[in-house]
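K.L.:
The residues making up each chain are set out below.
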Amino acid sequence: MRILLDKISHAYDGTQVLQDISLDLGKGEIVSIIGPSGCGKSTLLRMIGGLERPTSGQVLVTGAAPQGCLNPLTYIFQDFALLPWRTVAGNISLVLEDHGIRGARAREVIDDVLARTKLSDFRKAWPRQLSGGMKQRVAIARALAVRPAVMLMDEPLSALDSQTRELLMDDLVELWTRTPFSAAYVTHNLAEAVRLGHRIVVLSRRPGRIREVVTIDMPLADRPAHMAELEKIQRDLWDMMRDEAAAADRELADA
Amino acid sequence: MRDTKTEIRIPADAKPVPFRGGGFRQRRHPLLAPLVLAALLAIWWAGSATGVISPIAMPAPKDVIDAFRDLWTTGALWTNLSVSLYRLLVGWILGSLLGIAVGLMIGLFSQARASALPIVSALFPVPKIALLPLFIIWFGIGEGSKVATILFGTFFPTVISTYAGVDAVDRGLIRMGQSFGLRWSSIVRKIILPGALPAILSGFRISFSIAIVLLVAAEMIGAQHGIGAYILMAGSLFNLGQLFAGVILLSAIGLFGSWLIGLAERRMLDWRQ
Amino acid sequence: MTMTNRRALLAGLGAATAAPFVLPRRALAASDTIRVGILSLTSHAPALIAAAKGYFKEQGFEVKLVMFQAAQPMAVAIASGDIDFGMTAISGGLVSLAQKGAIRIIGGALQEHEGIEGQKILASKKAHDAGLKTPADLKGHSFGLTTAGSSFNYMADMIAKKSGFPASDMRLVPLQKVPAIIASLKSGQIDAWSIVPNIADALTKGPEVVEIGKISDYIPDYQVTTVFTSARIADTKPEIAKRYIAALSKGIDDYNNALVYKKADQAEVDAITKIIHQYVYSDQPLEKAAPRIQHGAMLCNPGAALTMSSVKSQLEWLQGANMAPKDVTLDQLVKTGYVKTL
Ligand SMILES: Nc1ncnc2c1ncn2[C@@H]1O[C@H](COP(=O)(O)OP(=O)(O)OP(=O)(O)O)[C@@H](O)[C@H]1O
Ligand SMILES: [Mg+2]
Numbered sequence: 714m715r716i717l718l719d720k721i722s723h724a725y726d727g728t729q730v731l732q733d734i735s736l737d738l739g740k741g742e743i744v745s746i747i748g749p750s751g752c753g754k755s756t757l758l759r760m761i762g763g764l765e766r767p768t769s770g771q772v773l774v775t776g777a778a779p780q781g782c783l784n785p786l787t788y789i790f791q792d793f794a795l796l797p798w799r800t801v802a803g804n805i806s807l808v809l810e811d812h813g814i815r816g817a818r819a820r821e822v823i824d825d826v827l828a829r830t831k832l833s834d835f836r837k838a839w840p841r842q843l844s845g846g847m848k849q850r851v852a853i854a855r856a857l858a859v860r861p862a863v864m865l866m867d868e869p870l871s872a873l874d875s876q877t878r879e880l881l882m883d884d885l886v887e888l889w890t891r892t893p894f895s896a897a898y899v900t901h902n903l904a905e906a907v908r909l910g911h912r913i914v915v916l917s918r919r920p921g922r923i924r925e926v927v928t929i930d931m932p933l934a935d936r937p938a939h940m941a942e943l944e945k946i947q948r949d950l951w952d953m954m955r956d957e958a959a960a961a962d963r964e965l966a967d968a
Numbered sequence: 002m003r004d005t006k007t008e009i010r011i012p013a014d015a016k017p018v019p020f021r022g023g024g025f026r027q028r029r030h031p032l033l034a035p036l037v038l039a040a041l042l043a044i045w046w047a048g049s050a051t052g053v054i055s056p057i058a059m060p061a062p063k064d065v066i067d068a069f070r071d072l073w074t075t076g077a078l079w080t081n082l083s084v085s086l087y088r089l090l091v092g093w094i095l096g097s098l099l100g101i102a103v104g105l106m107i108g109l110f111s112q113a114r115a116s117a118l119p120i121v122s123a124l125f126p127v128p129k130i131a132l133l134p135l136f137i138i139w140f141g142i143g144e145g146s147k148v149a150t151i152l153f154g155t156f157f158p159t160v161i162s163t164y165a166g167v168d169a170v171d172r173g174l175i176r177m178g179q180s181f182g183l184r185w186s187s188i189v190r191k192i193i194l195p196g197a198l199p200a201i202l203s204g205f206r207i208s209f210s211i212a213i214v215l216l217v218a219a220e221m222i223g224a225q226h227g228i229g230a231y232i233l234m235a236g237s238l239f240n241l242g243q244l245f246a247g248v249i250l251l252s253a254i255g256l257f258g259s260w261l262i263g264l265a266e267r268r269m270l271d272w273r274q
Numbered sequence: 054m055t056m057t058n059r060r061a062l063l064a065g066l067g068a069a070t071a072a073p074f075v076l077p078r079r080a081l082a083a084s085d086t087i088r089v090g091i092l093s094l095t096s097h098a099p100a101l102i103a104a105a106k107g108y109f110k111e112q113g114f115e116v117k118l119v120m121f122q123a124a125q126p127m128a129v130a131i132a133s134g135d136i137d138f139g140m141t142a143i144s145g146g147l148v149s150l151a152q153k154g155a156i157r158i159i160g161g162a163l164q165e166h167e168g169i170e171g172q173k174i175l176a177s178k179k180a181h182d183a184g185l186k187t188p189a190d191l192k193g194h195s196f197g198l199t200t201a202g203s204s205f206n207y208m209a210d211m212i213a214k215k216s217g218f219p220a221s222d223m224r225l226v227p228l229q230k231v232p233a234i235i236a237s238l239k240s241g242q243i244d245a246w247s248i249v250p251n252i253a254d255a256l257t258k259g260p261e262v263v264e265i266g267k268i269s270d271y272i273p274d275y276q277v278t279t280v281f282t283s284a285r286i287a288d289t290k291p292e293i294a295k296r297y298i299a300a301l302s303k304g305i306d307d308y309n310n311a312l313v314y315k316k317a318d319q320a321e322v323d324a325i326t327k328i329i330h331q332y333v334y335s336d337q338p339l340e341k342a343a344p345r346i347q348h349g350a351m352l353c354n355p356g357a358a359l360t361m362s363s364v365k366s367q368l369e370w371l372q373g374a375n376m377a378p379k380d381v382t383l384d385q386l387v388k389t390g391y392v393k394t395l
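These protein sequence lines are chains A, B and C, in that order. The numbering of the first sequence is my numbering, which starts it at 714 and goes up by one. The numbering of the second sequence is my numbering, which starts it at 2 and goes up by one. The numbering of the third sequence is my numbering, which starts it at 54 and goes up by one.
Hints were generated in silico from the structure; no laboratory data involved. Nothing here was measured: the structure is a model prediction, and the numbers come from that model. Heads up, the beta-carbon is just placed ideally off N, CA and C, and yes, glycines get one too. Just so you know, not all the hints are guaranteed correct.
[Claimed, not checked] Quick partial rundown of chain B residues pointing at chain A, CB under 7 Å, derived from the structure:
| no. | residue |
| --- | --- |
| 1 | TRP45 |
| 2 | ILE193 |
| 3 | PRO195 |
[As the list claims (entries may be wrong)] Some chain B residues near chain A, calculated using beta-carbon distances under 8 Å:
| no. | residue |
| --- | --- |
| 4 | LEU174 |
| 5 | ARG176 |
| 6 | GLY182 |
| 7 | VAL189 |
| 8 | ILE192 |
| 9 | GLN274 |
[Said to hold, decoys possible] Anything over 12 Å on all C-beta distances counts as not near chain B; from chain A, calculated:
| no. | residue |
| --- | --- |
| 10 | GLY751 |
| 11 | ILE789 |
| 12 | ALA794 |
| 13 | ARG924 |
| 14 | ALA941 |
| 15 | GLU944 |
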């Protein structure tokens with residue numbers, strides 16, 4: 714399944730937020746999206762997920778969803794969005810119930826995704842009992858449970874401390890390596906962008922336009938061994954963004 | 002380079018840091034409440050026995066005990082309690098159910114909010130007691146007007162606590178439900194209702210107290226039995242012992258109700274701290 | 054009065070050092086100021102007339118009229134020392150306050166009397182059509198009351214007694230307030246009620262209510278309302294009680310002459326009506342209120358004479374029905390000597 718963004722533009726109450734965004738999200742490909750604060754990254758992701766309509770242009774999908782896919786476009790939220798009144802297993806079963814998956818079948822799926830996210834010991838825990846990193850792993854497990862074709866991740870690691878972030882990045886890479894999924898990965902963190910993205914889309918400040926698309930031709934699994942190279946890309950990206958970010962910061966301060 | 006030695010030399014002028022973190026913390030004092038109560042009872046008893054407390058200002062404890070004994074031996078306790086509890090529960094349960102339903106509608110549908118919320122806000126502060134003469138015409142002097150008084154009294158606060166609870170549900174969770182393609186009904190049942198439940202339950206505490214307050218008003222109309230009618234009659238006969246006995250019964254009902262609601266909270270909201 | 058009634062209540066406690074929760078302290082009356090409780094009813098006319106025509110002043114009183122919505126709070130206000138004199142029917146509450154040494158009856162007011170309009174027994178049209186034609190048919194019907202132990206309760210029981218069935222064969226419905234009883238009777242939710250003639254006649258003018266009898270046929274010499282004051286005044290300040298009765302009696306005479314015997318000239322009747330209208334039906338224009346005030350006035354005993362036999366019968370009834378303490382004696386309830394007893 715592929716996703717195509719065709720000349721997306723969007724305005725809120727007369728404020729132009731996104732302008733003329735065209736992008737192709739291929740099968741099994743992770744695209745990192747970076748850009749200054751307020752440039753419309755989250756808005757763009759909501760449009761891909763069908764939670765919001767652009768003022769002009771359209772989001773298209775081609776190709777069938779893979780076998781057994783329950784929710785082709787699946788979100789992972791920055792604030793985890795776990796129901797506090799359901800246990801870890803209950804939060805995962807939530808997204809299965811509406812598809813008629815209950816009882817033993819649900820248990821099978823839940824066991825599988827919890828094992829993949831190393832949470833098997835916590836199936837009965839309440840969200841309040843979990844650390845931030847574990848909560849996000851639960852959210853990832855929940856996303857995996859519906860076998861998504863595309864994962865839409867909006868700063869999934871930014872609420873976590875840097876050690877946990879490193880661990881979770883490794884986890885994501887491992888998950889992807891086992892079964893590649895496609896993803897749009899919005900982040901402020903350039904290290905995450907270069908670590909996880911096959912391509913990196915750099916947006917300008919508001920109204921968000923595509924400034925640059927950087928392709929990194931290196932398998933995800935190999936990247937930890939080539940830190941120096943990645944760091945160079947990261948520096949280039951920062952040079953590209955610095956002025957924009959400073960301008961965006963001033964703009965927000967004036968607003 | 003690693004130094005695992007943690008021993009330090011303490012200089013002679015070293016003093017412990019003064020502790021400033023005390024107070025402002027509620028501790029348990031399980032004996033205090035009974036002690037205060039016993040002291041008050043003793044003062045009451047002594048005051049009445051010596052005549053310091055006039056029999057017109059307060060009944061003597063003995064009068065209250067006598068009233069309870071009469072209630073017990075004549076069986077009037079159960080007649081009064083059972084009819085009052087019936088009115089209280091039917092009125093409160095119906096008022097709460099209707100209130101939750103309307104509150105959910107207001108919370109979920111903007112049309113319902115635009116049309117019903119102004120009416121609810123306008124009727125909420127109207128003292129239901131002022132409407133008693135109308136209630137007689139509308140619902141009769143039988144059980145109807147009594148249940149209706151309590152029903153109307155509990156309906157409005159429940160509406161307001163329910164819709165406020167729905168409004169307070171994290172929009173992010175609703176977004177999450179939508180992003181996973183949950184059905185509308187599932188989002189309401191599994192996300193909005195449980196999210197609003199804490200507010201609804203704390204609304205219950207308030208509406209139950211209102212129901213008890215209104216019980217006395219409700220039993221002003223044509224009630225031969227009931228705790229409220231008993232209190233009203235004691236008042237008009239100026240029998241202060243019976244008056245206090247009735248008030249004690251009402252407050253016992255209130256305590257029991259709030260204990261039950263607390264139990265429900267601990268059961269249904271076990272996911273909270 | 055230089056001492057408060059309150060202080061008398063606080064027996065055993067020296068001065069006014071009582072804990073404030075016992076009873077709140079209110080302004081004390083000056084020695085020549087009396088406060089008289091008034092209900093918005095024609096039967097309170099004598100006090101209104103005495104105040105307006107200066108009869109209290111003649112006795113050296115500065116009078117303050119205090120309005121009440123119901124008789125019970127008025128009795129309690131005398132007990133608490135907020136007012137000094139009042140007028141109301143004998144009820145369980147009144148007797149109970151007398152037993153606690155707070156109030157005393159010192160005279161009589163409204164009285165059922167041969168040949169003069171008295172209280173009437175009413176039935177709803179619905180019940181009347183279904184066969185409730187006379188008070189003897191009341192068996193099995195509902196009867197409206199304000200509260201248990203009220204004069205309505207007494208009348209209902211006396212009707213039953215005279216008709217030869219137990220009062221428990223009627224369904225007595227306490228409705229707290231007269232307007233609520235009227236609403237229930239008009240809409241047929243209660244079957245019967247008894248009430249003073251001016252209210253009764255206003256009701257029977259409409260199609261919903263029918264008159265089925267007279268109270269005087271069931272309760273001869275019924276002393277309907279009484280004059281009462283605090284025990285302190287009655288027992289220790291006879292001077293004040295005597296002067297009050299004297300002033301009130303002049304008001305009673307004016308009231309009887311103008312509205313009951315109809316012996317006064319039109320100008321006097323108009324003047325009396327105007328005085329009463331300041332407190333009764335004051336929400337209506339005088340033209341509309343005047344006929345309601347003038348019609349169906351019951352006799353008020355001249356000289357505030359008290360029918361002891363009726364008071365005794367009412368006390369016995371209250372005690373028999375467990376609506377007043379059993380140990381109250383007639384002497385505790387009534388302080389004789391101020392008025393003629395009948
Ligand atoms: N529902 C909305 N209504 C009006 N304006 C909105 C709405 N949502 C976002 N905006 C505005 O649109 C612009 C883009 O918002 P968006 O959240 O997409 O930015 P972002 O790139 O995700 O920012 P950040 O990096 O801080 O998360 C901002 O100026 C924001 O104020
Ligand atoms: Mg964002």
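K.L.:
All the hints need checking, so say for each whether the structure fits it.
P.N.:
Cross-check of the supplied hints:
{"no.": "1", "hint": "TRP45", "result": "violated (46 Å)"}
{"no.": "2", "hint": "ILE193", "result": "violated (11 Å)"}
{"no.": "3", "hint": "PRO195", "result": "holds (5 Å)"}
{"no.": "4", "hint": "LEU174", "result": "holds (6 Å)"}
{"no.": "5", "hint": "ARG176", "result": "holds (7 Å)"}
{"no.": "6", "hint": "GLY182", "result": "holds (5 Å)"}
{"no.": "7", "hint": "VAL189", "result": "violated (13 Å)"}
{"no.": "8", "hint": "ILE192", "result": "holds (7 Å)"}
{"no.": "9", "hint": "GLN274", "result": "holds (7 Å)"}
{"no.": "10", "hint": "GLY751", "result": "holds (19 Å)"}
{"no.": "11", "hint": "ILE789", "result": "violated (10 Å)"}
{"no.": "12", "hint": "ALA794", "result": "violated (4 Å)"}
{"no.": "13", "hint": "ARG924", "result": "holds (28 Å)"}
{"no.": "14", "hint": "ALA941", "result": "holds (27 Å)"}
{"no.": "15", "hint": "GLU944", "result": "holds (27 Å)"}
When held up to the earlier numbered hints, the structure conflicts with 1, 2, 7, 11 and 12 and fits the remainder.
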